[in-house]
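**Student:** Each chain, written out:
2 protein chains.
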Amino acid sequence: MFSEKVVENLRNSSAIRAMFEEGAKLKQEFGAENVFDFSLGNPDPEPPPETLDALRRLALSGEKGLHGYMNNAGYADVRAKIAEQLNLQSGRSLTHNNIVMTCGAGGGLNVILKAILNPGEEVIIFSPFFVEYKFYAENYGGKIVVVPTDANTFLPGLEALEKSIGPQTKAVILNTPNNPTGVVYPEELLRDMETILLQKGGRYSTVIYLVSDEPYRDIVYDGVKTPSVLKIFRNSIVGYSFSKSLSLPGERIGYVASSDRIDDVATLNDALSFTNRTIGFVNAPSLFQRVVAQCLDVKVDINIYKERRDILYDHLVKLGFSCVKPQGAFYLFPKSPLGDTQEFKRLALKHKIILVPGAGFGCPEYFRLAYCTGIETIKNSLPAFTALAKDAGL
Amino acid sequence: MFSEKVVENLRNSSAIRAMFEEGAKLKQEFGAENVFDFSLGNPDPEPPPETLDALRRLALSGEKGLHGYMNNAGYADVRAKIAEQLNLQSGRSLTHNNIVMTCGAGGGLNVILKAILNPGEEVIIFSPFFVEYKFYAENYGGKIVVVPTDANTFLPGLEALEKSIGPQTKAVILNTPNNPTGVVYPEELLRDMETILLQKGGRYSTVIYLVSDEPYRDIVYDGVKTPSVLKIFRNSIVGYSFSKSLSLPGERIGYVASSDRIDDVATLNDALSFTNRTIGFVNAPSLFQRVVAQCLDVKVDINIYKERRDILYDHLVKLGFSCVKPQGAFYLFPKSPLGDTQEFKRLALKHKIILVPGAGFGCPEYFRLAYCTGIETIKNSLPAFTALAKDAGL
Chain A
8 MFSEKVVENL RNSSAIRAMF EEGAKLKQEF GAENVFDFSL GNPDPEPPPE
58 TLDALRRLAL SGEKGLHGYM NNAGYADVRA KIAEQLNLQS GRSLTHNNIV
108 MTCGAGGGLN VILKAILNPG EEVIIFSPFF VEYKFYAENY GGKIVVVPTD
158 ANTFLPGLEA LEKSIGPQTK AVILNTPNNP TGVVYPEELL RDMETILLQK
208 GGRYSTVIYL VSDEPYRDIV YDGVKTPSVL KIFRNSIVGY SFSKSLSLPG
258 ERIGYVASSD RIDDVATLND ALSFTNRTIG FVNAPSLFQR VVAQCLDVKV
308 DINIYKERRD ILYDHLVKLG FSCVKPQGAF YLFPKSPLGD TQEFKRLALK
358 HKIILVPGAG FGCPEYFRLA YCTGIETIKN SLPAFTALAK DAGL
Chain B
8 MFSEKVVENL RNSSAIRAMF EEGAKLKQEF GAENVFDFSL GNPDPEPPPE
58 TLDALRRLAL SGEKGLHGYM NNAGYADVRA KIAEQLNLQS GRSLTHNNIV
108 MTCGAGGGLN VILKAILNPG EEVIIFSPFF VEYKFYAENY GGKIVVVPTD
158 ANTFLPGLEA LEKSIGPQTK AVILNTPNNP TGVVYPEELL RDMETILLQK
208 GGRYSTVIYL VSDEPYRDIV YDGVKTPSVL KIFRNSIVGY SFSKSLSLPG
258 ERIGYVASSD RIDDVATLND ALSFTNRTIG FVNAPSLFQR VVAQCLDVKV
308 DINIYKERRD ILYDHLVKLG FSCVKPQGAF YLFPKSPLGD TQEFKRLALK
358 HKIILVPGAG FGCPEYFRLA YCTGIETIKN SLPAFTALAK DAGL
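Chains as they are written, first to last, in the working numbering: chain A, 8 to 401; chain B, 8 to 401.
Here chain A stands alone, though its shape is the one from the complex (with noise of 0.2 Å):
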């Protein structure tokens, strides 16, 4: 009756909605203090006061027409300083026209696949991966190609990605600072995927363009720097987000940023602004279009995440977890003791912590912490990760 893919895609539904369920029951039957949840990327820390302020004001303005249609690719002025902003960073020569704001970037990645997917072309991602990128490419008629990651660092193997590309090869998706590893790729390995890309596509006289998937791109630990994919990737196309660096998940709002280098990146623009109006996002939210553009060198303050890293992540190495150090972004990604990591959360349940099984990650023997929760919770849930701890045999 309804769409089938659509039906069969929910009843193999989302691992980590599951877990925020099984989270909202235990909260109710003993107190939200009690229980330690972990599952979703939901960050607490409220937006920084200089992007409150600028909400404020913009509010308080009572400047005409704020709340109203501008060209479907945002507000020229507001592409116009995050182009300058980007090109500081890259060294490159973007304008206003290799900008479109976007509803996040999930919102983003979607614009940026349906404009330049046709069916049955390749998407390559890395393992584990961001659950949804699945969705997004199938979207679109594209399909999903997985390359393992090294099990030590959570690094690319550049072999392994080197061996996966085809002529039917469209992009390659990266995400660093990485949901769910924290990991953030060297600028070293990089370079060397460039080269792997303009070597096959050269092959293939093919064009395989690197989708940057950067939510996390500011929320880096320790003085490391997330290389600009920019300055590295010829056919570089960005999706950025101020959902994690300002806090501001449920507005909406980021960007999508094509290289000045891509062949006819002019019609790829067109044809970004066309995808974002056609699917229906018509354009980024307005208001908050403004907002961002007041604070593109703000952020939330790093240290309250670190600070959680550094709490939860060195007591579990303590208690023998073997965990990969998060660099970036807000996630743990530990092994499970217990092998498959299904009965390891059944586990966890029982000592009211919840976490995601890495089975929807693509990498079923490890789990998902989000630590972007209060300090107290975490601080809280120490006894709760020594008792687990002892209970699957570390």
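It should be emphasised that the hints constitute simulated quantities derived from the structure, not laboratory data.
Glycine is no exception: its CB is placed at the ideal position from the N, C-alpha and C atoms.
Watch out, some of these pointers could steer you wrong.
Claimed, not checked - If you anchor each label on the Cβ, the simulated ranges turn out as follows:
(1) Arg353/B x Lys232/A: 49 to 57 Å
(2) Ala87/B x Thr102/A: 43 to 51 Å
(3) Asp229/B x Phe37/A: 58 to 66 Å
(4) Glu383/A x Ser68/B: 22 to 30 Å
(5) Ser68/A x Gln35/B: 23 to 31 Å
(6) Thr102/A x Arg268/B: 49 to 57 Å
(7) Ile318/B x Ser68/A: 30 to 38 Å
(8) Pro174/B x Leu95/A: 52 to 60 Å
(9) Ser68/A x Ala87/B: 31 to 39 Å
(10) Pro155/B x Ser68/A: 45 to 53 Å
(11) Lys232/A x Glu28/B: 36 to 44 Å
Unchecked claim - Here are the simulated lysine to aspartate or glutamate pairs, EDC-like style, with alpha carbons at most 20 Å apart:
(12) Lys71/A x Glu40/B
(13) Lys12/B x Glu128/A
(14) Lys71/A x Glu383/B
(15) Lys88/A x Glu57/A
(16) Lys12/B x Asp277/A
(17) Lys71/A x Glu57/B
(18) Lys238/A x Asp308/A
(19) Lys71/B x Glu57/A
(20) Lys12/A x Glu383/B
(21) Lys207/B x Glu91/B
(22) Lys71/B x Asp60/A
We have chain A already, so just place chain B on it with the hints.
**Tutor:** What follows is chain B alone, placed relative to chain A:
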């Protein structure tokens, strides 16, 4: 190199946008005040005071979590208030489970069509039609079937509708008050339409959904009321937008409502929430969900539009144009005195009138005037229309 379908669509791109650009050129040359731009459906009245107040209160509230994620379907309390309002209008028993908050009606229609369509299934629309329906249906493999309306009333012919329904028919898109004609379909007609949908569905053992695109539901004149689709159609799914009723088109806020009479509606509701997530909307903008919840009984002053309709309609009819009098929305759809509108469009440009040829709406002998533009523009345009009528031989 890019999506072939998107590039092809770009080539035959939006006539509305083309006219908008013609207008921009003219304005640069002659000054904005000397150009009469009727191309865009961008409401010029500011949002009602209650809406701006609600926004200010929320922005100043300092409330925590105001900009965070919520359930993909939206805030449960906001959805419950909307369900309650719809129940009052329709006598149905919707709950928050029947409501998904969306990025306007454009987003809502995509969410609905992805949730119900299988590749090759047909979607019936009535000509003249809103340009985007074709793109929305094709996004999910749907095939558009166009059913003409009566040239004197712009009301759908029921016999033609009946003939166009086959075993592949999955949905009929209804748009009343209508863009571009401004016509409101009477309740009697809708009841007859429902009889046909149920009969044909019975014959083919299918369910034919009535997808109601309702951005103009509250923009009606002369005491006319928009009949409640939820009341009349068993298998109705509504896409509503606050863009026009609250003059918030840039903010992308609306909802989808499913009738509680639909078989297995729980699965449909899950599917709608899932497609809202996986098309990349994730959720409707959070702050404006809260704003509209405080303004469900508020709308812009309809007299602003009524005055414009009266002045422009009366003038055109006096000049000899053939035009159905709109009972809602803010468009006129007169017949071109020169047959095909391309030549007439060029003639209008000479008089600095920007109109949209009807070809894009499926009716090349007509043209659209959007009168959501300042009253001064409308008054100042009258002599230009007089001159145009003379040039066109009226």
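**Student:** Each of the hints needs a verdict: does it hold here or not?
**Tutor:** Here is how each hint holds up against the structure:
1. The hint said 49 to 57 Å for the Cβ distance between Arg353/B and Lys232/A, and at roughly 55 Å that hint holds.
2. Against the hinted window of 43 to 51 Å, the Cβ-Cβ separation of Ala87/B and Thr102/A comes to about 46 Å, which satisfies the hint.
3. For Asp229/B and Phe37/A, the Cβ-Cβ distance of about 59 Å falls inside the hinted range of 58 to 66 Å, so the restraint holds.
4. Separated by about 24 Å at the C-beta atoms, Glu383/A and Ser68/B satisfy the suggested range of 22 to 30 Å.
5. The hint said 23 to 31 Å for the Cβ distance between Ser68/A and Gln35/B, and at roughly 27 Å that hint holds.
6. Checked against the hint of 49 to 57 Å, the C-beta distance between Thr102/A and Arg268/B comes to roughly 52 Å, which is consistent with it.
7. Checked against the hint of 30 to 38 Å, the C-beta distance between Ile318/B and Ser68/A comes to roughly 32 Å, which is consistent with it.
8. One distance hint, 52 to 60 Å for the beta-carbon pair Pro174/B and Leu95/A, holds here, with the actual separation near 59 Å.
9. The hint said 31 to 39 Å for the Cβ distance between Ser68/A and Ala87/B, and at roughly 32 Å that hint holds.
10. Remark: the range hint 45 to 53 Å for Pro155/B to Ser68/A is upheld by a beta-carbon distance near 47 Å.
11. Taking the beta carbon of each, Lys232/A and Glu28/B are about 41 Å apart, inside 36 to 44 Å as hinted.
12. For the hint linking Lys71/A to Glu40/B, the alpha-carbon distance of about 17 Å falls within 20 Å, and the restraint holds.
13. Our distance criterion of 20 Å between C-alpha atoms is met by Lys12/B and Glu128/A, whose separation comes to about 14 Å.
14. Taken as a hint, the Lys71/A and Glu383/B pair is honoured in the structure, with Cα atoms around 17 Å apart against an allowance of 20 Å.
15. For the hint linking Lys88/A to Glu57/A, the alpha-carbon distance of about 17 Å falls within 20 Å, and the restraint holds.
16. For the given pair, Lys12/B sits about 13 Å from Asp277/A by alpha-carbon distance, which is consistent with the 20 Å threshold.
17. The suggested pairing of Lys71/A with Glu57/B holds, with an alpha-carbon distance near 16 Å, which does not exceed 20 Å.
18. Simply put, Lys238/A and Asp308/A have alpha-carbon atoms about 26 Å apart, too far for the 20 Å limit, and the pair is violated.
19. Our distance criterion of 20 Å between C-alpha atoms is met by Lys71/B and Glu57/A, whose separation comes to about 16 Å.
20. Restraint check for Lys12/A and Glu383/B: not satisfied, since their Cα atoms lie roughly 52 Å apart, outside the 20 Å limit.
21. Between Lys207/B and Glu91/B the CA atoms are separated by roughly 32 Å; this puts the pair beyond 20 Å, and the hint is violated.
22. This hinted pair checks out: Lys71/B and Asp60/A have alpha carbons roughly 15 Å apart, not beyond 20 Å.
Of the numbered hints listed earlier, those contradicted by the structure are 18, 20, 21.
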